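Given chain A, work out where chains B and C should sit, using these hints.
Residue numbers (my numbering), protein chains in the order written: chain A, 57 to 366; chain B, 4 to 565; chain C, 905 to 1247.
None of these hints come from the bench; they were simulated from the model. Since this is a predicted model, take the numbers as computed values, not measurements. No false leads were mixed into what you were given.
If you want a taste of the chain B side facing chain A, the calculated C-beta under 10 Å gives, among others:
(1) ASN68
(2) PRO73
(3) PRO74
(4) TRP228
(5) VAL277
(6) ASN281
(7) GLN285
(8) ASN289
(9) GLY290
(10) GLU291
(11) LEU292
(12) TRP446
The beta-carbon is built from N, C-alpha and C at its ideal position, and this holds for glycine as well.
Listed below are the residues making up each chain.
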Amino acid sequence: MARYLLKRLGFILVSLFFIVTITFFLMQAAPGGPFASERKLPPVIEQQMNEQYGLNDPLYQQYFDYLVNIVQWDFGPSFKYVGQSVNDIISRSFPYSLILGAEAIFLALSIGILLGVIAALKHNKFGDYFAMVIAVLGISVPSFILASVLQYVFAVKLEMLPVARFESFAHTILPAIALATTPLAFIARLMRSSMLDVLNSDYIKTAKAKGLNERIVTYRHAIRNAILPVVSYLGPLVVAILTGSFVIEKIFAIPGLGNEFVVSVTNRDYTVIMGTTVFFSVLLLVSILIVDLIYGLVDPRIKVAGKGDK
Amino acid sequence: MNWKKWSLLLALVFAMSIFLAACGGDDSSSNEGGDDTDTAEEGSSGEEGDSGETALADDQTFNVNIKTEPPSLHPGKASDTTSSAVLDQIFEGLTRINQDGEPENAMASDIQTSEDLTTYTFTIRDGATWSNGDPVTAQDFEYAWKWVLNPDSPDTDYAYQLYPIKNAAEAKAGDVPLDEVGITAKDDKTLVVELAQPTPYFLQLTAFHTYYPVNKNVVDGKTEWATDVSENYVTNGPFTMESWAHKDQIVLKKNADYWDAENVKLETINMYMVEDENTELQMYKNGELDWAGSPTGSIPLAAIPSLKEDGSLNISPKAGIYYYSFNTEVEPFNNVNIRKAFAYAINRQGIVDSITKGEQQPAMALVPPSIFEENKEGYFEDNNVEKAKELLEKGMEELGIDKLPVVKVTYNTDEGHAAIAQAIQDMWRENLGVEVELNNEEWNVFLDTMGEGNYQVGRMGWIADFNDAINFLEIFQSVGGNNYTNWENEEYSALLEKSRTETDPDARREILREAEALFMEELPLAPIYFYTNLWLNKDYVKGIEVSPMGSFNLKWGYIAEH
Amino acid sequence: MDKILKVNDLSVSFDTYGGEVKAVRGVTFDLDEKETLAIVGESGSGKSVTAQSIMRLIPMPPGKFASGSIEFNGENVIEKSEKQMEGIRGKEISMIFQDPMTSLNPTMTVGKQIAEGLIKHQNMSKKEAHHRGVELLKLVGIPNPEARIKQYPHEFSGGMRQRAMIAIALACNPKVLIADEPTTALDVTIQAQILDLMRDLQDQTGTSIILITHDLGVVANAAHRVAVMYGGKIVETGNVDEIFYNPKHPYTWGLLGSMPKLDSDSDEELQAIPGSPPDLADPPKGCPFAARCPYAMKVCEDHMPEYTELSKTQKTACWLLDERSPKVEPPESALVGGSKVNE
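The following block holds chain A by itself, in its conformation from the complex:
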């Protein structure tokens, strides 16, 4: 296991290296520097700013300096927001995204699995159709439309929840729902078809033939197997939540990392773009590693780390 983990970590580092390099050069290639504004800067001042941020150094120099800093986990200062370092920005905004993301993942998994199981158990009856209509809507309706509808219905009309921002737990409910809906729908469909598959399999018949009651057969035998495809979806789930956060955080005015990322691209804030990209990449790569490990734990047929054979 230790060797396996080391190997995976090694791959993560290699991936990160490529990501950092590619992003760095892509950004340099994009037109539009960070100091453009509608009022043209007097060249003296523009020169001054470029100097200050080292934008006049030769490219390879900038690149090396940057790599060295990254290894020390120093992402540098923000170009656009003087006095805020990228590390500050990330550590300030990440907790918001984390909480929202965790809530959304929790929602998506719990409700998605529940709906999927209900749909499978009530196959071809009302419960099935109802759950699947919700699923289709969830997948088809883009999150930003859903966000606006949620705001309108629950905040403005029913006045049950605040419209936007992040000040209390109540503030997180609507954005978490908006974020969770599409993955939730996907998980529901996945769980349903997986469950239907499993319910038709022979070992369920064996379980029934042992005299076990409906409940035990469903929960102990069926779900344990049916949930495997959902576990392997966890990786893409994290991705979906992460990218979904860009839109949702903007609409709900949540000062999270997704929002920072989008704004930094518009601002051509090089350091923030690089910092958030690297951070997100690390997050993703580690998540996928964790998912792989979970999968190995849940499904005994999978030998994740090549645990020794008998």
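Same frame as chain A, now just chains B and C:
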């Protein structure tokens, strides 16, 4: 078994109805409940005379959206409207623009001008203190302004605001030492400023945030004092900044030590940073915001018609112009008649009625009507297609071409700009028979493109820094800077220079009008419309005006009992 | 010895989009203590449905009992509630299935799967169940049972898995074990082992076995009595000697004839039975085999033949046995062991 199909259909219908309800929602919500609506009086915020008449609410908290994180809350570095919106409430300059749009004494209790109008002597008022108790001194002003003009000071985009001062531009370029700049603190209370030439709008400039003082004792030697709230962030305005949660919100509190504190009614100002304009509107409707739209937020285009209909939308003119710049170095816009043809063939009223819908003023001039009233009519007729065709022929003859090349229109990515570009594309195709390509670029890329002259027709805008015509006319005094047209003209330049030394305001006005007339004859750009301020405010919000410059003073604001 | 299981005129149908499929049409048989009854037939003959009906494992809907009764220990299984059935399944009647690969839950250890039944039916603690599980694994001949019991099914070979299935099935000492094609998915050498195992266990525990199969070789090896099913009906029953050495139904002849025999010439063709089984959504009103029977007469298509009792143990449903029909001898290929024909 058909029941299954029916239930499916039912579920779908149910889902659809949610959407229909949401779409039609705006109308119904703004018709019910009296809280949100406000009768639109001549664009003011519905105040009923002085605050003495209306009872004050117990909770004097004002919630407003400033949309984004202010890039800088250092008065000498700030170069955008978000930052200035915050700075205007917590700092104070020698003068302040009042609710009538005129500069009035603020930090300065007395202002003397020399006969030749080039020397101003400001007396700093007694009782002017910093939020840490230090008295505000003339040295604070001298220090702050010279810091901006120091060639080593970074991020000073707006240094040019100080260039009317003698030797300021030269000092910034490093040609002249800073102590030769015409700013002298004769003593703690007296500041003497020498200008390069008479500048009639100088007292408007001194109200501008680049001219705000900083506490020299606290700030000298520190570079990052303005990045967070701390003991180093010392201010002298009607409010102090209590907290700054980055990208989230800024909270201002009334400054009890402010010299005019008895006239400041608001106790707390919550400035939220909500980027999405639809969310802003929802928050306003929900009561989480007391104000939506200009100057610090925006109203979503789609909501404008219904808000106008129910009378809640406030509209006032904004001193700014939306125009299409011609690249006069590139065919066919190197010919003046062709430029005129393109400009005349635009139906501005149509655009304002159908696309922007904010009762903007069609622009057939350069300087907004709030400054030059005559420009309500402008220099030519809107949508004069016949004349346009005439001039087109003439121009093409002069150039010796019988077919127009494909024309590319460049604009920065935005739903409004796209809609306008498409309309104009249509108009030019129909009226002039020209093929138009549309090209949109993201903001920073767009500015680069324009700056490098890589365009034929490009969308541009300019909002006045101060309420004077020269602010618009001087953009085009020479090629470069904010002049993307690559046009310059000796006679025009000379007229502008002449205006700078003319002391009689009427005569000066004449000269500026002459210059504008020349400009409109040469027409290196097609003016489209003059901006308007669009905003919503709850009727219990009083005493807050949106200036034509697109800013507001919360000093005189208050919440009425409701 | 008393009959432990009496199936009487059992009919099971399925409501499908295509109509009502009559899978089992009036089947009657019984089972003694400590005996092995083989139910033989081709795919679609109704043998699995019959077996699963005994344990009420058929999902209803779309299945339903059209008629008949299943008496187990004197009580009609069809009238029992689901809760009562849970008390019978795995405890009084057990079942093992065809494919050991898929019949075990891949995410549970073998030990746990054995223990489940023990904990439920015999109220054992986990520890006791674990011990019993090890004993059972030993009983079914799995080496190193203490280690194996903690393993997962995918760590077992096919034969071992089937043994484990048998262990699970016999855990609570059921009176009846229904084995639905238990050796079909296994290779021949393992087949023999499993069948031997089942026989040994039967000797030890006295469990009756219903053995469902289409393989006559298995029948010969393991069964005491045989019931031949075709088209949802039982066409012939008898003890194993009677069926092999004195078959009277043309279908049985056909089955025997299609078996490769040790003493046949290697260039002799295998005799297949031409044609295909009847459509049970619209079953024939006469003998189900009539369409494929080389000896079919007009009466066969119109009327279902009654049972002719040839001995105390052998019954055949065929018009050929009626005194009015012509005498027909079984074909050469149906003769097993040549001269040992009993008349």
